[in-house]
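These protein sequence lines map, in sequence, to chains A and B.
Heads up, the first sequence is in my numbering, so the first residue is 1 and it goes up one at a time.
Heads up, the second sequence is in my numbering, so the first residue is 1 and it goes up one at a time.
Keep in mind the hints are simulated off the structure, nothing from the lab.
Wrong hints could be hidden among the right ones.
A pair holds if it fits inside one copy or across any two, identical chains being indistinguishable in the list.
Capping the alpha-carbon separation at 27 Å, the derived lysine-lysine pairs in DSSO-like fashion look like this [as the list claims (entries may be wrong)]: (1) K25 - K240; (2) K332 - K434; (3) K212 - K240; (4) K34 - K459; (5) K125 - K25; (6) K332 - K212; (7) K421 - K123; (8) K434 - K123.
Number of protein chains: 2
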Amino acid sequence: MFLYHQLSTRFVEMISAGTLQPGDKLPSVRVLSKEQGVSQSTAFQCYIDLENKGLVESRPRSGYYVKFNPAQISGCTDTFVENPQPVHEIDDMITTVLQHSVIPNMTHFSINAPSEAMLPLAKMKRSVHHVLNNYPQQALSYERPEGNEGLRKQIARLVFDAGAQITPSEVIITNGCLEAINLALQATTNRGDRVAIESPTYYGIHQALINKGLEPVEIETHTHSGIDLQVLERHLVDDKIRVCVFVTNFGNPLGACVPEEKKKQLVQLIQRYNVKLIEVDIYGSLHFDDFRPKTCKAYDTADHVILCSSVSKSLAPGYRVGWIIAGKEYRKVLHLKLNQSVASPTLTQAAVAHFMENGRYDLHIRALRKALYMQSLRYLKAIHDYFPDDVRVTQPKGGYVFWVSLKPGANTWDIYHEALKWGISFAPGQIFSKKYDFSNYMRISFGLPFTPAVDQALKTLGDIVRSRY
Amino acid sequence: MFLYHQLSTRFVEMISAGTLQPGDKLPSVRVLSKEQGVSQSTAFQCYIDLENKGLVESRPRSGYYVKFNPAQISGCTDTFVENPQPVHEIDDMITTVLQHSVIPNMTHFSINAPSEAMLPLAKMKRSVHHVLNNYPQQALSYERPEGNEGLRKQIARLVFDAGAQITPSEVIITNGCLEAINLALQATTNRGDRVAIESPTYYGIHQALINKGLEPVEIETHTHSGIDLQVLERHLVDDKIRVCVFVTNFGNPLGACVPEEKKKQLVQLIQRYNVKLIEVDIYGSLHFDDFRPKTCKAYDTADHVILCSSVSKSLAPGYRVGWIIAGKEYRKVLHLKLNQSVASPTLTQAAVAHFMENGRYDLHIRALRKALYMQSLRYLKAIHDYFPDDVRVTQPKGGYVFWVSLKPGANTWDIYHEALKWGISFAPGQIFSKKYDFSNYMRISFGLPFTPAVDQALKTLGDIVRSRY
Numbered sequence: 001m002f003l004y005h006q007l008s009t010r011f012v013e014m015i016s017a018g019t020l021q022p023g024d025k026l027p028s029v030r031v032l033s034k035e036q037g038v039s040q041s042t043a044f045q046c047y048i049d050l051e052n053k054g055l056v057e058s059r060p061r062s063g064y065y066v067k068f069n070p071a072q073i074s075g076c077t078d079t080f081v082e083n084p085q086p087v088h089e090i091d092d093m094i095t096t097v098l099q100h101s102v103i104p105n106m107t108h109f110s111i112n113a114p115s116e117a118m119l120p121l122a123k124m125k126r127s128v129h130h131v132l133n134n135y136p137q138q139a140l141s142y143e144r145p146e147g148n149e150g151l152r153k154q155i156a157r158l159v160f161d162a163g164a165q166i167t168p169s170e171v172i173i174t175n176g177c178l179e180a181i182n183l184a185l186q187a188t189t190n191r192g193d194r195v196a197i198e199s200p201t202y203y204g205i206h207q208a209l210i211n212k213g214l215e216p217v218e219i220e221t222h223t224h225s226g227i228d229l230q231v232l233e234r235h236l237v238d239d240k241i242r243v244c245v246f247v248t249n250f251g252n253p254l255g256a257c258v259p260e261e262k263k264k265q266l267v268q269l270i271q272r273y274n275v276k277l278i279e280v281d282i283y284g285s286l287h288f289d290d291f292r293p294k295t296c297k298a299y300d301t302a303d304h305v306i307l308c309s310s311v312s313k314s315l316a317p318g319y320r321v322g323w324i325i326a327g328k329e330y331r332k333v334l335h336l337k338l339n340q341s342v343a344s345p346t347l348t349q350a351a352v353a354h355f356m357e358n359g360r361y362d363l364h365i366r367a368l369r370k371a372l373y374m375q376s377l378r379y380l381k382a383i384h385d386y387f388p389d390d391v392r393v394t395q396p397k398g399g400y401v402f403w404v405s406l407k408p409g410a411n412t413w414d415i416y417h418e419a420l421k422w423g424i425s426f427a428p429g430q431i432f433s434k435k436y437d438f439s440n441y442m443r444i445s446f447g448l449p450f451t452p453a454v455d456q457a458l459k460t461l462g463d464i465v466r467s468r469y
Numbered sequence: 001m002f003l004y005h006q007l008s009t010r011f012v013e014m015i016s017a018g019t020l021q022p023g024d025k026l027p028s029v030r031v032l033s034k035e036q037g038v039s040q041s042t043a044f045q046c047y048i049d050l051e052n053k054g055l056v057e058s059r060p061r062s063g064y065y066v067k068f069n070p071a072q073i074s075g076c077t078d079t080f081v082e083n084p085q086p087v088h089e090i091d092d093m094i095t096t097v098l099q100h101s102v103i104p105n106m107t108h109f110s111i112n113a114p115s116e117a118m119l120p121l122a123k124m125k126r127s128v129h130h131v132l133n134n135y136p137q138q139a140l141s142y143e144r145p146e147g148n149e150g151l152r153k154q155i156a157r158l159v160f161d162a163g164a165q166i167t168p169s170e171v172i173i174t175n176g177c178l179e180a181i182n183l184a185l186q187a188t189t190n191r192g193d194r195v196a197i198e199s200p201t202y203y204g205i206h207q208a209l210i211n212k213g214l215e216p217v218e219i220e221t222h223t224h225s226g227i228d229l230q231v232l233e234r235h236l237v238d239d240k241i242r243v244c245v246f247v248t249n250f251g252n253p254l255g256a257c258v259p260e261e262k263k264k265q266l267v268q269l270i271q272r273y274n275v276k277l278i279e280v281d282i283y284g285s286l287h288f289d290d291f292r293p294k295t296c297k298a299y300d301t302a303d304h305v306i307l308c309s310s311v312s313k314s315l316a317p318g319y320r321v322g323w324i325i326a327g328k329e330y331r332k333v334l335h336l337k338l339n340q341s342v343a344s345p346t347l348t349q350a351a352v353a354h355f356m357e358n359g360r361y362d363l364h365i366r367a368l369r370k371a372l373y374m375q376s377l378r379y380l381k382a383i384h385d386y387f388p389d390d391v392r393v394t395q396p397k398g399g400y401v402f403w404v405s406l407k408p409g410a411n412t413w414d415i416y417h418e419a420l421k422w423g424i425s426f427a428p429g430q431i432f433s434k435k436y437d438f439s440n441y442m443r444i445s446f447g448l449p450f451t452p453a454v455d456q457a458l459k460t461l462g463d464i465v466r467s468r469y
């Protein structure tokens, strides 16, 4: 990490903690440089970084001042009240939101993925060319069911970065993470089994269970620390849960990252009850802090964790390159994969392998993380400025989304329909649970680069929220 | 079609019918030209075509002579004797054959797909380049769950060529045909349902049923005309079949093409019993005769047929581009697709769409059909020359495979293992049925271009068969 970045991180901490208040003047570049024993250039770069993040402003001929404390609107409440809405209505809501999310020329705060502007189009293209020029025949032929060998090596490396030691031969490539989750469920469950999921959680996981005749058991999940282990244990005892499906790092929609100590406890818990954990780690590499959070797989001493992930949130949503580390279930999963779609496409796997082998993936992820962090702060400032005072927002340390709480009684489904008229979409809270009532919540993605148009759209959205208050 | 080709087809018919016998002298080019009212060049081209097909030979300073009548070894017998082998042993056999089929540097007569040498590598590459250069952003982004719009238009056209009138909005793109079949089964069946399949048939279909908790009911299928409708009707009555899965054109392993009149009867039958037909048409475009056989979907007046296909057997096995025309089940299938893998990869869909839009697909298919027909005749001649006299071979009018019957009591599983030692693989008959005993059958693919090495491998295989007789 660069020196200026370390310095800037310390300022962010001081601003968030309230040590530095909005309006406070910061030391001059010259003074900062002397105080911290860094070059003036580094001190200057630090202030530019803070300015880009929307936290400080420069006033002409006067210097730098604190502008905004992101913690001001933090503290999104965790409420778990039973949902009065029938499940089929929620299903209709999900379908509606999905259909709207592909309408062009709208500002989609509903999409939990990188915008095209943040993807390495030109470099990825070069990797495809490389494959076509060097392996024209292979690109057209069937890949092995377990997937491209080079890619599996790279995946093993990524999994190692997240704390778990595996070999390439343990990796099976899938059509995105969702296929990985589906395969894991097929390999570990029978119809009628109970499966623990987070609440709120990504509706796709819920629907995957329903399609397989499994019974979802929603476990209260907190914005700061993820799944509630006490509640989970109660359900493990009472409900004979067979499998858990959790997004442990920067989950959707909460953005919560399960603390490392708690991950250990979670693994111990599932080992004690001999339950499998299907761990989804699609956002783990998009951390805003310096260190990548580990996976539960890293603490999995007795092969109870099946790890699922993909490059859909980090590199190429449309390539559908995901993977599964199935442990003991490897042969079963491979057999299922073979029987469902033979193998994943050859060309896209080979291209992603080449992109990773050349270190381009690591470079890209570094830039993407930085951009997302910056965007998250700019969005937060705009929400603070434009939304009612009592609105509270999570402060995720990674990923793409804010979970925004409005005052009790507010209805984000109504707000959603009003916003559509203005060409704006977001994800209303209702679609993330069939058990609990999140009708005064909304999920806002900061995957779109922060532009004047995005700023204006957030202002319009804030006005709509105010008008419904 | 070219004039010489029409002429050559008539000679093939006369040779097959025995009107012209091996050893018979053919009229000189000059005489043929006069008799038929064609140019000498056309007459000459006709003889070259027949020579390429291995049916005639030119003797220096003497002229052309009939060399081989493919009908000589035709008449593969249809026997349906119950299989004494336990099902799990057959499962092990399937796994074994699949594992061997990826060993490099072997002559794989076991692979029912085009060899790389028969695929349009350079032109397909240009289509990928076109997509990358013209839509770099889209190529990385999610495709809609139903798939690329341009591709769906092209699929609608292909389906129309096979006799069924549909619109692009009825098409859903899948990860190959196997995903299409799986989606169709999920949309139309419940656990425990009975599903009629052909016998013998592709083991992948059998396994797809088992994975879904469905009960396969194997229906006797004949090498000439496909499924036995009387047997089918008996099972429809007795067994409460819910769905049928049939490969109607050049099915695997028989290569049978259900005659058009029988297709109509089949559709009437399933309509009468209110049963769905999942029709697999991956080989239909690879016809050796001038006209493409229709699909049952073409006769489907009351929406009982779900059509599944792909380009895996015709253009790009590794692209995993398939499709499903689900009729009334459209919404259900789309929902399942979305929940299983979100969408198919963007880049490969767009590339195939471009390849088709430019007429390259039609040109390629025409060349592929011609090459496959030629190869089938060369292989047939070699099998006739090298295998025991009583060996009989199907004469498919399309596709990739011969179904070869050895004398009763011969065991192709033993022959398979001996062949492996010589670097040769084929598909032993046992793996195509769990009900009937096909242990004296073998499936030989003619997907590899006929080279001296292939000729030698067929000779070796023939020697092995003889040694076991």
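Tested hints:
1. Neither within a single protomer nor between protomers do K25 and K240 lie at most 27 Å apart by alpha-carbon distance, with minima of 58 Å and 82 Å respectively.
2. For the homomeric pair K332 and K434, the shortest alpha-carbon distance between copies (21 Å) is at most 27 Å, but the shortest distance inside one copy (31 Å) is not.
3. Taking the shortest alpha-carbon separations for K212 and K240, both the intra-copy value of 18 Å and the inter-copy value of 24 Å come in at or below 27 Å.
4. In the homo-oligomer, the alpha carbons of K34 and K459 never lie at most 27 Å apart, since the shortest distance is 41 Å inside one protomer and 86 Å across protomers.
5. For the homomeric pair K125 and K25, neither the shortest alpha-carbon distance inside one copy (47 Å) nor that between copies (59 Å) is at most 27 Å.
6. Taking the closest pair of Cα atoms, K332 and K212 come within 27 Å of each other both inside a single copy (17 Å) and across two copies (14 Å).
7. Proximity of K421 to K123 under the C-alpha cut-off of 27 Å is found in neither arrangement, the shortest distances being 37 Å within a copy and 45 Å between copies.
8. Proximity of K434 and K123 under a CA criterion of 27 Å is satisfied in neither setting, with 42 Å inside one chain copy and 50 Å between copies.
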